[in-house]
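Now for the letters of each chain:
Number of protein chains: 2
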Amino acid sequence: MADVYSFGNGQANGNAGMKDILGGKGANLAEMTNLGVPVPPGFTISTQLCIAYLEKGEFPATLRGEVEAAMQRVEAAMGRRFAADVEPLLVSVRSGGKFSMPGMMETILNLGLNHRTARALADESGNARFAFDSYRRLIQMYGSVVYGISGTTGDPFEHALEAVKRDRGVERDIDLAAEDLEALVGTFKEIVRREAGRDFPDDPWEQLWGAIEAVFRSWNGRRAVDYRRVHHIPDDLGTAVNVQAMVFGNVSEDSGTGVAFTRNPSTGTPEVFGEFLVNAQGEDVVAGIRDPQPIAKMRDWLPEVAEEFEGYCRTLEAHYTDVQDLEFTVERRKLYILQTRTGKRTTRAAVRVAVDMVAEGLIDERTAVLRVDPAQLDQLLHPMVDPDAEVTVIARGLPASPGAAVGRAIFDADRAASQAESGEAVILVRRETSPDDFHGMAAARGILTSRGGMTSHAAVVARGMGKCCVAGAKEVDVHELERRFEVNGVTVEEGDWLTLDGSAGRVIVGQTELVEPAPGDDFLRLMSWADQYRRLRVRTNADTPGDAARARDYGAEGIGLCRTEHMFFEGDRIRSMREMILANSEGGRRKALAKLLPMQREDFVGIFRAMDGFPVTIRLLDPPLHEFLPREDDEITELAATLDVSVERLRRTVDTLAETNPMLGHRGCRLGIAYPEITEMQARAILEAACEADEAGVEVHPEVMVPLVGHVEELRHQAGLVRETAEAVFRERGRRVDFLVGTMIEIPRACVTAHEIAQVAEFFSFGTNDLTQTTLGISRDDAGRFLPLYAARGILPEDPFQTLDQAGVGRMVQMAVELGRRASPKLKIGICGEHGGDPRSVAFCHRQGLNYVSCSPFRVPIARLAAAQVALE
Amino acid sequence: MADVYSFGNGQANGNAGMKDILGGKGANLAEMTNLGVPVPPGFTISTQLCIAYLEKGEFPATLRGEVEAAMQRVEAAMGRRFAADVEPLLVSVRSGGKFSMPGMMETILNLGLNHRTARALADESGNARFAFDSYRRLIQMYGSVVYGISGTTGDPFEHALEAVKRDRGVERDIDLAAEDLEALVGTFKEIVRREAGRDFPDDPWEQLWGAIEAVFRSWNGRRAVDYRRVHHIPDDLGTAVNVQAMVFGNVSEDSGTGVAFTRNPSTGTPEVFGEFLVNAQGEDVVAGIRDPQPIAKMRDWLPEVAEEFEGYCRTLEAHYTDVQDLEFTVERRKLYILQTRTGKRTTRAAVRVAVDMVAEGLIDERTAVLRVDPAQLDQLLHPMVDPDAEVTVIARGLPASPGAAVGRAIFDADRAASQAESGEAVILVRRETSPDDFHGMAAARGILTSRGGMTSHAAVVARGMGKCCVAGAKEVDVHELERRFEVNGVTVEEGDWLTLDGSAGRVIVGQTELVEPAPGDDFLRLMSWADQYRRLRVRTNADTPGDAARARDYGAEGIGLCRTEHMFFEGDRIRSMREMILANSEGGRRKALAKLLPMQREDFVGIFRAMDGFPVTIRLLDPPLHEFLPREDDEITELAATLDVSVERLRRTVDTLAETNPMLGHRGCRLGIAYPEITEMQARAILEAACEADEAGVEVHPEVMVPLVGHVEELRHQAGLVRETAEAVFRERGRRVDFLVGTMIEIPRACVTAHEIAQVAEFFSFGTNDLTQTTLGISRDDAGRFLPLYAARGILPEDPFQTLDQAGVGRMVQMAVELGRRASPKLKIGICGEHGGDPRSVAFCHRQGLNYVSCSPFRVPIARLAAAQVALE
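Protein chains in written order, with this note's numbering: chain A, 214 to 1086; chain B, 214 to 1086.
Do not rely on the hints blindly, as some may be mistaken.
Since the list gives no way to pick one copy over another, a pair counts as held whenever it fits inside one copy or between any two copies.
[Said to hold, decoys possible] With a straight-line cut-off of 35 angstroms between C-alpha atoms, the simulated DSBU-like cross-links for lysine-lysine are:
1. 378 / 402
2. 804 / 687
3. 557 / 269
4. 687 / 808
5. 269 / 547
6. 808 / 378
These are computed hints drawn from the structure, not numbers from a lab.
These numbers come from a predicted model, not from an experiment.
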């Protein structure tokens, strides 16, 4: 097999399918050449040769001949000669592996220059400044890439350049004269001699071989190895070397350079979009010294070239069947395309382009579905902080509930509610929220807390309402009584404007422009295609009829998790709940529960109506009872008065219920086993509601879910209570409805004994939030001090609470699915942790053979699209 | 196959091997008969017949003939006739399944009595009182067992009996006259008629068949079914029915009854031990109305019978090769053995008997090793509350550290230390302990706290010291400042005497007699036999040279867990530790750590010396840093002054470090990753100490253990630091020692990714305390509110923190062993959770192929014996 692959003059030995051998860049250059796109000619030395070289430490004997032959083809195509004293050919040398490794790209430009060829270039272009600036850049890049010169106190080349500019009293590189640059060439050569202990090679061929070897060696450099480790790229791929003729957009007024997208990357409008600069090269665009012109103006400058360019845009887009992001240079009216790659775009553009391209016959619907990143759909559904807006971030907290909100800071719930009523936009700021703040949270646009984690009251309630929330912003020092907070030297008083970015956890001072959500028809069309291909059902986590209805608008096919406890936090209910907790006897508890029963039943009727025809999974009471009681002294005093019990007694109850590790404490089915009357009341509320809805013509499919089961006997106990209660309700009402009793799988023990549990459970629903906490032994609320460190050091590159830890938690899930289905082959299995709305986790659920995923309402479209993509892959 | 098995007159159809068919009791009666022991004759109806009867609801046609034939054999042996009006034969009817089900035994005595036979019995014995008392007892038992008469307001038979006694003005049954009893027979029959709606059968045969059917039906009774569920006894075994001739010890002065052990059950002394009562039956012994005489006095009463009895004792003991517990009756000088069973004994007796029996040639050493219950060895090693002492238990807490202690209640550490110095026995009573109380704990005999769990500071430190502790006695209301506590109406002031029972969690007022530990030579001999057979090595959990030396005395073969953090709680060390926590920079932390280094090193040298020749596993810092800081306001103020920082700053640090679920928080290797300098200091202290000890001629085998690893990259990070530090130490000291780096396996994720972790770890040590917490999702400190309930309801019959939950946590262990050994076949694997000292858990570890178990010093003998037993099984 050959080691060197030429491209140029409309012909190439390689193509886009040869990324293994040519690397991504080399394969792409070959592909473009074959398409008749005018790419500066060149050749690629294969990745295999890299591997062989790194093993043996030398090149095969045949390589020199191959490279020289390839160089001759480049010379022929360009009509110039490498190392010639007249019209010299200059080349670039670049690395390029199979996978893009940003920041790992070794690049040497202008290779082939020495004092003779530089002089020839100066004469030819009539621009000595250009020639010697190119020369000094070559030495600088070569010194860095080939000799590894970096200096212990900053880049010595840059120091020398700065010294000359100081000396000449100028600020910009471009203001240096040709003589200054020629002198700098001498200085740079001195630096090479001093730092590398050898002379910069005058011979262009010696330059070339040095560069090739350096690129190959870079594959085993520290930075590259580290990068591959973090990104799981194998070490045995090697990199290719691309040697390509240099072209220059800065040699005349009919030369120039530019970048363009084949369609508008913000809106998706089908028009070439970009900008160009006359008599300039790429770095001038970057330097921003002159303002580039929009691409449409190219027609006024060089109409033929503009037309030719637009033709290539169409060719490349049609060939790659996707939006392309192009770099081009015009050298004396001759157009060169330097690079093409898939164009990055906003979600809005991605959706429009995908739908348009189907209409244009460029791609089919399956491909369109695969073209949009599900994770980005959030942008279409929530208000976002305008990415172009300049903002002052004063603190960061946890991204507890996505979206963005602008409003005036208000420090208590009552005032938040009254201000909101009078039409004011409000951000509720609290140290932490409690059930007493519920009305203020409902009235506010967004919520900011300084304490608590992703599962704190504020976070959970805000997500349930689909309301923006930044929680646990620890630096924010909230003085609730004084109605202000301080953070990093900034003080925010009540009434000051704040912007919250709940998607990123940012706290911003002032009013910031928000981008409002606008899904549109293209989005609906794309989602309808997605629904044809997915096998996973998508449900939602919703606690109220309103949430359920909204989720249904987003395409939810039922409720996977209805958390009954949130129903207990409102108004009268919290009072009855507290009475129950303070009751000394089963009788007292039953009395308080009897008050809650009609309220719960009414909620459930509303939810069944909203989900007419779809299954609704309702989880029995889960949180520890102390979450329903206040903790602070003043709150306890106040509550004691309200409930007419002594402060002493209430405090004793609060103390007794306090737990060292509430996550692993008296909660979930452990409550229902200790207080069967709670389970009975909830089962009764669910089944009475089901009967009522059924009577009203609603199609109901209730699924009662027992939380935190670790042992089959726990489930047997609770399922028995639910089924007995159901029979009693059916007798009383003279009407039966079908229902299921199943369990959350959220404890490792449940996973390894799933075969036992499946003998009692009619469905499993993975609670991967808690399963992640227990499997990893990590409290989500306390992980803030070490998880970021773990991500930074590559120990756990991803937040396991965002994306399912497949090797650990995923293994548990897999085990439970296998054991559960072995015992009960038709077992219905879903997931209702927040991972249900994470695309990669959804894909995992598909591969494990789950029946459905369930996620918050706004994430339903994300899950639908992700489910379709994995089914299509 | 026959359904009825006779025994009597030296011959039986059954034997001890037929428990499946005859039940335990029936098989034993047959076995004794075959041995020539005089058992009252009788017959057993098989368990198979029970099953057949319960399935079909009727008896096979052949049964009646078989029973009548068997009854004739009994009549012949006794020289009496069943249902005869002269010298009538009475029988007992008893249930008896394969497994003993205490409290489930259905018993009817005196069956065969009616008005005629009762009169005959009265005439024959000349004791009408005896005859009618027997008769009324028959009706009472029959009414309960056959008709299920229990009454809604207490036993109606007892009510009637009480009424007669009231009427006659007597207190004891025995004071009623024959006429009263005869009248009572009539009343009892009335009760049967009223409650059961039928007449008590006069016909003895009808009585017999009713009794047999009732016994069979009892197998499916609610209580029996529940019992079997809890004790995992299959439902399809059935029960046998034993029909046996009645004999009476209360018919003359040359009659009597008694119980005896073939050896002394308290001491093991080889002498028949027991007591008897002349002219009495079994229930008279129970009633305690007359004082029984020691068995030795039998020789004075009826020398031939006594000699005969002793002969049977020898026969039975030799036959069963174990101490027997016998019941016997003498009826007119004729001796009957009613029952023999293995005699329960104290541990001291068990050890002596086992060793003696080997010397006597009765059993071999293997059998001796299997004869002692390892769980009971605790009795030999700790002081115990005298089981015969009458005590007033005022509260119960957690059995946090075993043993018992008597002392005066003292409410602060300083006074505890000074009182102890002046020779006073002290019990330190605190709400909870902190590192500041260490000196007081060290000085006290025992420790009582009202807060905290099995892993609280008090519990952990006390176990480390081998000191008795009752923790988390929630009812105890401690007023530290007022120097008293109140509990359930009792007030204990400072200086009052208290007794703590740390093995059972009992708090007792006053001075109680303690039984001092006395292992003795027999114990040592038995343990030496055990050591020959076990395959598991037994190490200890020890944090100090003193603990290590003590454990070695008990046979520990190394340290499986040395918790370095406990070293930080003492005196100066806690100060340096706190300086480290409060340092703002790595530099500040290193400065504080440098002060800790020499102290840690010195500890380790001592431990290596104590464990010369054995491996020592040292765990890196594990607890979250907030455990080293105070929590209460006054303590914070005091500490701020000591450390010369502002109260504000110290409080902020305390607040920042506080965690919602510390068990799942910033601890274990997560600390060492965040603060590598801590790991470096500890690795340095361990390896410098190893070099020093090695230089002094000590054979060292250090094993450095990284805690709380869930991901192989965590271990790679920490192991890298340890190995780099070791190389540095070896270079500095010019000396190398071999060492291992391994990890605790205590997170479910570590179990399912054990194949990855085993590529870096040189050993695994299961931390089954935390692995149980995470696998079950149960915080040990918070489990007190529901685990007892779970035990009571049979959901989790055993405390998973005492005995390893094999189906759940055990499955995790099994997975980790399999995956770990597959990746690294010679991987050394041990366990260092508290399960390492629990006999059933030790057996599990043996079966999983672990290399060693490690437990607290006092549990080392338990583990040695348990390991031998499982190897022998």
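Exercise. What hints, given by number in increasing order, does this structure fail?
Worked result: 3, 5 and 6
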